[in-house]
Amino acid sequence: MSELIYKNFFTIIVPAHNEEAELARTLDALLAQRYPASRMEIIIVENGSTDATLSIAQRYASRVDTLIPIRVIQSELGVSRAKNAGLALASAESEWVVFCDADTYLGPEALHQFNTWINRHGSEGLSVGTTQIRPQPADRLYARLWFRIYDVIHRVTYSSYALQLARTPIARGVGFHAELSFAEDLVFTRECRRYGRFFFVPTNQVATSTRRFEARGYLRQSLRWLMEALMPMRMKRRRGYDVIR
Numbered sequence: 020m021s022e023l024i025y026k027n028f029f030t031i032i033v034p035a036h037n038e039e040a041e042l043a044r045t046l047d048a049l050l051a052q053r054y055p056a057s058r059m060e061i062i063i064v065e066n067g068s069t070d071a072t073l074s075i076a077q078r079y080a081s082r083v084d085t086l087i088p089i090r091v092i093q094s095e096l097g098v099s100r101a102k103n104a105g106l107a108l109a110s111a112e113s114e115w116v117v118f119c120d121a122d123t124y125l126g127p128e129a130l131h132q133f134n135t136w137i138n139r140h141g142s143e144g145l146s147v148g149t150t151q152i153r154p155q156p157a158d159r160l161y162a163r164l165w166f167r168i169y170d171v172i173h174r175v176t177y178s179s180y181a182l183q184l185a186r187t188p189i190a191r192g193v194g195f196h197a198e199l200s201f202a203e204d205l206v207f208t209r210e211c212r213r214y215g216r217f218f219f220v221p222t223n224q225v226a227t228s229t230r231r232f233e234a235r236g237y238l239r240q241s242l243r244w245l246m247e248a249l250m251p252m253r254m255k256r257r258r259g260y261d262v263i264r
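Residue numbers (our numbering): 20 to 264.
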C-alpha cells in the first residue's frame, strides 16, 4: 500500500520518574503530532516519583481538547519495569511502539516521518531501531557535533539513545529485563534483532535534553556509557542508575 496512504498504529510509551520539570513539554510535543489521532496512543508510566510527575501526567490524561488516547499507569520503580508495564497495555491495534524518554521531544512531523520511512522499507524485515537525535538546547556547536557522532555510533553499533522504535509483536515477545535500571535498551535491541533487522530513521524531528552531558561533561558521560555497555550482564543487574534531574 502506498506510503502516503497507509498509517501504521503507533503506541508511544513514556516512562517517567521524577520528571516534573520535563514531562509537560514532552507531552505537549506528542499532542501536537500531525498524525491521525485514531492511529496513535500515548501511555505514560509513572514509576516511583516523589515529585509532581504523576499529577502532571493525570492532568494530561484528563484533557478533553484532544482525540489522542492518553493513559496513565504506575509501576514499580525502574525504567525496565515501566516499559514492560506500558507494553502490557498497548492496544491490540498497535503495530509499532515508540519508547520515548520523558525529556525527549518529538517535532510535529515525527510520526508522519516514521510512518513514511517504515512503509518505504517495510519489506526489509525490520524489527527494532532508533532515529537521528538532536540536542536540546541546540545552540552550542560542540553539542551538535557530539550528537552527530552519536548518530554514526548508533548506526554502526546497533544501539540507541533516548528513543527506541520496535515492532509491537516483537517488543511484547522480548520485553525488558526487569532487574536492569540502565543499558536496558541495549539488551532489548540485541534481543529484538534476533527477529529482524536493526534500522535508523533519518529525521530532524527528535530532540533530547543535554542535562546529563551538562552535569557530567560530554567526554566523561560518553566514557561512562562505554564502560556500562561493556559490562557483563551480572554487573549490569547489580548496578543502579544515576538519576540526574
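For the record, the hints were derived by calculation from the structure and aren't laboratory data. Source: prediction; values computed, not measured. By construction, the Cβ of each residue, glycine as well, lies at the ideal position given by its N, Cα and C atoms. Any given hint might turn out to be false.
Ranges of calculated distance between the beta carbons of each label pair, as one might list FRET restraints [said to hold, decoys possible]:
| no. | residue 1 | residue 2 | range |
| --- | --- | --- | --- |
| 1 | A43 | E95 | 35 to 41 angstroms |
| 2 | R90 | R44 | 18 to 24 angstroms |
| 3 | Q77 | L160 | 16 to 22 angstroms |
| 4 | V206 | R174 | 38 to 44 angstroms |
| 5 | E198 | P221 | 32 to 38 angstroms |
| 6 | G67 | P156 | 27 to 33 angstroms |
| 7 | G215 | D84 | 34 to 40 angstroms |
| 8 | R159 | R191 | 35 to 41 angstroms |
| 9 | R174 | R44 | 36 to 42 angstroms |
| 10 | R139 | G192 | 31 to 37 angstroms |
| 11 | S57 | R139 | 33 to 39 angstroms |
| 12 | R230 | D47 | 30 to 36 angstroms |
**Request:** Given the range 36 to 42 angstroms, decide if the beta-carbon distance of R174 to R44 lies inside it.
**Result:** Hint violated: Cβ distance 27 angstroms, outside 36 to 42 angstroms.
**Range hint compliance [Cβ, R230 to D47, 30 to 36 angstroms]** = 18 angstroms, violated
**Item:** Consistency of beta-carbon spacing, P221 to E198, with hint 32 to 38 angstroms
**Value:** 34 angstroms, holds
**Asked** Is 35 to 41 angstroms a correct range for the gap between the Cβ atoms of R159 and R191?
**Response** Roughly 39 angstroms apart at Cβ, these two residues keep to the hinted range, so it holds.
**Request:** Can you let me know if the beta-carbon spacing of R139 and G192 is within 31 to 37 angstroms?
**Result:** 25 angstroms, violated
**Prompt:** In this structure, is the beta-carbon distance linking G67 and P156 contained in 27 to 33 angstroms?
**Reply:** 28 angstroms, holds
**Item:** Range hint compliance [Cβ, S57 to R139, 33 to 39 angstroms]
**Value:** 22 angstroms, violated
**Request:** For A43 and E95, compare the CB-CB distance with the range 35 to 41 angstroms and indicate the outcome.
**Result:** The hint (35 to 41 angstroms, Cβ to Cβ) is violated, given that A43 and E95 are roughly 24 angstroms apart.
**Prompt:** So does Q77 sit 16 to 22 angstroms from L160, Cβ to Cβ?
**Reply:** Given range 16 to 22 angstroms: violated, Cβ gap about 40 angstroms.
**Item:** G215 paired with D84, Cβ distance criterion 34 to 40 angstroms
**Value:** 38 angstroms, holds
**Asked** So does V206 sit 38 to 44 angstroms from R174, Cβ to Cβ?
**Response** 19 angstroms, violated
**Beta-carbon spacing of R90 to R44 - inside the hinted bounds 18 to 24 angstroms or not** = 19 angstroms, holds
Checked against the numbered hints given earlier, the structure breaks hints 1, 3, 4, 9, 10, 11 and 12 and satisfies all the rest.
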